[in-house]
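Based on these hints, arrange chain B on the given structure of chain A.
For reference, the chains in residue letters:
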Amino acid sequence: MLNISGIQEGFVLDHIKAGASLSIYHYLKLDQLDCCVAIIKNARSKKMGKKDMIKVECPIDKLDLDILGFIDHNITVNIIKGEQIVEKRRLRLPKEIKNVIRCKNPRCISSIEQELDQIFILTDEDKEVYRCKYCEEKYERK
Amino acid sequence: MRHLMSPLDLSVEELDKLLTLANDIEKNPKKYAHACDGKKLATCFYEPSTRTRLSFESAMLNLGGSVIGFSSADSSSAAKGESVSDTIRVISCFADICAMRHPKEGAPLVASQKSSIPVINAGDGGHQHPTQTLTDLLTIRSLKGHLDNLKIGLCGDLKFGRTVHSLINALIRYPNVEFVLISPKELRVPEYIREDVLVANNIPFTEVERLEDAITDLDILYMTRVQKERFFNEEDYVRMKDFYILDKAKMALAREDMLVLHPLPRVNEISVEVDDDPRAVYFKQVQYGVYVRMALILTLLEIEV
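Here the protein sequences line up with chains A and B, keeping their order.
Read left to right, the first sequence gives residues 286 to 427 (this note's numbering).
Read left to right, the second sequence gives residues 1168 to 1472 (this note's numbering).
Everything labelled a hint here was simulated from the structure, so no lab data went into it.
You may find that some hints are simply not true.
To be verified - Derived EDC-like pairs: lysine to aspartate or glutamate, alpha-carbon spacing no greater than 20 Å straight-line:
hint: 1; chain 1: B; residue 1: LYS1318; chain 2: B; residue 2: ASP1384
hint: 2; chain 1: B; residue 1: LYS1281; chain 2: A; residue 2: ASP402
hint: 3; chain 1: A; residue 1: LYS366; chain 2: A; residue 2: GLU398
hint: 4; chain 1: B; residue 1: LYS1281; chain 2: A; residue 2: GLU400
hint: 5; chain 1: A; residue 1: LYS412; chain 2: B; residue 2: ASP1363
hint: 6; chain 1: B; residue 1: LYS1281; chain 2: A; residue 2: GLU398
hint: 7; chain 1: B; residue 1: LYS1326; chain 2: A; residue 2: GLU422
hint: 8; chain 1: B; residue 1: LYS1207; chain 2: B; residue 2: GLU1224
hint: 9; chain 1: B; residue 1: LYS1395; chain 2: B; residue 2: GLU1436
hint: 10; chain 1: B; residue 1: LYS1247; chain 2: A; residue 2: GLU400
hint: 11; chain 1: A; residue 1: LYS383; chain 2: A; residue 2: ASP349
hint: 12; chain 1: B; residue 1: LYS1197; chain 2: B; residue 2: GLU1471
hint: 13; chain 1: B; residue 1: LYS1311; chain 2: B; residue 2: GLU1345
hint: 14; chain 1: A; residue 1: LYS366; chain 2: A; residue 2: ASP346
hint: 15; chain 1: A; residue 1: LYS423; chain 2: B; residue 2: ASP1363
hint: 16; chain 1: B; residue 1: LYS1247; chain 2: A; residue 2: GLU398
hint: 17; chain 1: B; residue 1: LYS1352; chain 2: B; residue 2: ASP1324
hint: 18; chain 1: B; residue 1: LYS1206; chain 2: B; residue 2: GLU1469
hint: 19; chain 1: B; residue 1: LYS1281; chain 2: B; residue 2: ASP1324
hint: 20; chain 1: A; residue 1: LYS423; chain 2: B; residue 2: GLU1471
hint: 21; chain 1: A; residue 1: LYS412; chain 2: B; residue 2: GLU1358
hint: 22; chain 1: A; residue 1: LYS314; chain 2: A; residue 2: ASP346
hint: 23; chain 1: A; residue 1: LYS423; chain 2: A; residue 2: GLU413
hint: 24; chain 1: A; residue 1: LYS383; chain 2: A; residue 2: GLU425
hint: 25; chain 1: A; residue 1: LYS412; chain 2: A; residue 2: GLU422
hint: 26; chain 1: B; residue 1: LYS1194; chain 2: B; residue 2: GLU1471
hint: 27; chain 1: B; residue 1: LYS1352; chain 2: B; residue 2: ASP1409
hint: 28; chain 1: B; residue 1: LYS1326; chain 2: A; residue 2: GLU421
hint: 29; chain 1: A; residue 1: LYS314; chain 2: A; residue 2: GLU368
hint: 30; chain 1: A; residue 1: LYS423; chain 2: B; residue 2: GLU1358
hint: 31; chain 1: B; residue 1: LYS1326; chain 2: B; residue 2: GLU1353
hint: 32; chain 1: A; residue 1: LYS412; chain 2: B; residue 2: GLU1362
These numbers come from a predicted model, not from an experiment.
With the rest of the complex left out, here is chain A (with noise of 0.2 Å):
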């Protein structure tokens, strides 16, 4: 079993699909923080065989939990403080999403004018559909 050392004061993302990881780091944009990251790969998991966590040595305020909220809200957020996990917080589908993904419509307006924001809304909360502001074009997860 690999060892990477507790945190002080952070958070842990735990119950990644296994995989995900890096797409996360680059979406949360963990590159541009100026402090401790460490990305796990295929650490064993009871409850999904293989996962990926990521911890990070910042406050969680820093972190847009709607971002992952949309990537993937089985993920699980523990806060730590002190070296304890002092909270688990449990992410929600965000009810909109602004500048993540691009309407991928070419008849689309967002494809032509300048400088607007790129929204999504969630339509189906079961169904976890979004659909272009604009257009209502409905966003295919690859």
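Just chain B, lined up with the frame of chain A:
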């Protein structure tokens, strides 16, 4: 300030009020002849659409207002690369209300976010065309007397026809409405209409391939054009095209009180021999389009007569 982007922007009650106003305009046109004196409508049409633009212009002129605008992107500053957001800010200084048609879906919504005057979506690509739906609803309600308890046949290209999708979305809000979807299998309604709208709301519907099989017990027949280029091969087109041409023989199978609607332009899907049948109301529908646009302009400008 309100805009109109989709027919569903209006609640059933608001829609009812709007259609009642349109009927009052129809009966008492003189009463409204100066309701918009001194007001200007800007018709910002980034792609040509003669009927819709002239209908809006006619509506504003009937109300005593005046009209400015452009009828293609070439004759607007869009040709110089101006954004929709900037154009509407400029138009807001010139006019009191704007009707916008744009080939890009969502363009009128972008305009409405930056506008200081009401914006009406006059058609945005294959997305929405709310004033056509309002026209259809006014036609049905005026000539049938109600929007509930109807069996509606939708015939032709149900896959790409945005007027059909909008009409379904608008009519499912009324009780006891049933649809018969008449189309070749290549042009059936998309899955998001069948599953997310009809099935999800428990709306009864059937899908058939031949108009003759469905026409006998319809209250409304809404015809649309089946374009040759939508078919995968010539053979299928030749085999099926006559299924979707409404003629006297097919009309003979229909009820005495069935109404035939069409968003126009008609090409050959309704034979001209049907035009004199009192059940053919597609030209009356155009007139209702003017009344409903007049009612919409008054409503959005908050003018009470």
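Hints versus structure:
no.	hint	in the structure
1	B:LYS1318 / B:ASP1384	8 Å, holds
2	B:LYS1281 / A:ASP402	13 Å, holds
3	A:LYS366 / A:GLU398	45 Å, violated
4	B:LYS1281 / A:GLU400	13 Å, holds
5	A:LYS412 / B:ASP1363	11 Å, holds
6	B:LYS1281 / A:GLU398	13 Å, holds
7	B:LYS1326 / A:GLU422	15 Å, holds
8	B:LYS1207 / B:GLU1224	10 Å, holds
9	B:LYS1395 / B:GLU1436	12 Å, holds
10	B:LYS1247 / A:GLU400	17 Å, holds
11	A:LYS383 / A:ASP349	11 Å, holds
12	B:LYS1197 / B:GLU1471	14 Å, holds
13	B:LYS1311 / B:GLU1345	15 Å, holds
14	A:LYS366 / A:ASP346	13 Å, holds
15	A:LYS423 / B:ASP1363	12 Å, holds
16	B:LYS1247 / A:GLU398	13 Å, holds
17	B:LYS1352 / B:ASP1324	10 Å, holds
18	B:LYS1206 / B:GLU1469	12 Å, holds
19	B:LYS1281 / B:ASP1324	35 Å, violated
20	A:LYS423 / B:GLU1471	40 Å, violated
21	A:LYS412 / B:GLU1358	14 Å, holds
22	A:LYS314 / A:ASP346	13 Å, holds
23	A:LYS423 / A:GLU413	10 Å, holds
24	A:LYS383 / A:GLU425	16 Å, holds
25	A:LYS412 / A:GLU422	15 Å, holds
26	B:LYS1194 / B:GLU1471	16 Å, holds
27	B:LYS1352 / B:ASP1409	15 Å, holds
28	B:LYS1326 / A:GLU421	16 Å, holds
29	A:LYS314 / A:GLU368	24 Å, violated
30	A:LYS423 / B:GLU1358	12 Å, holds
31	B:LYS1326 / B:GLU1353	8 Å, holds
32	A:LYS412 / B:GLU1362	12 Å, holds
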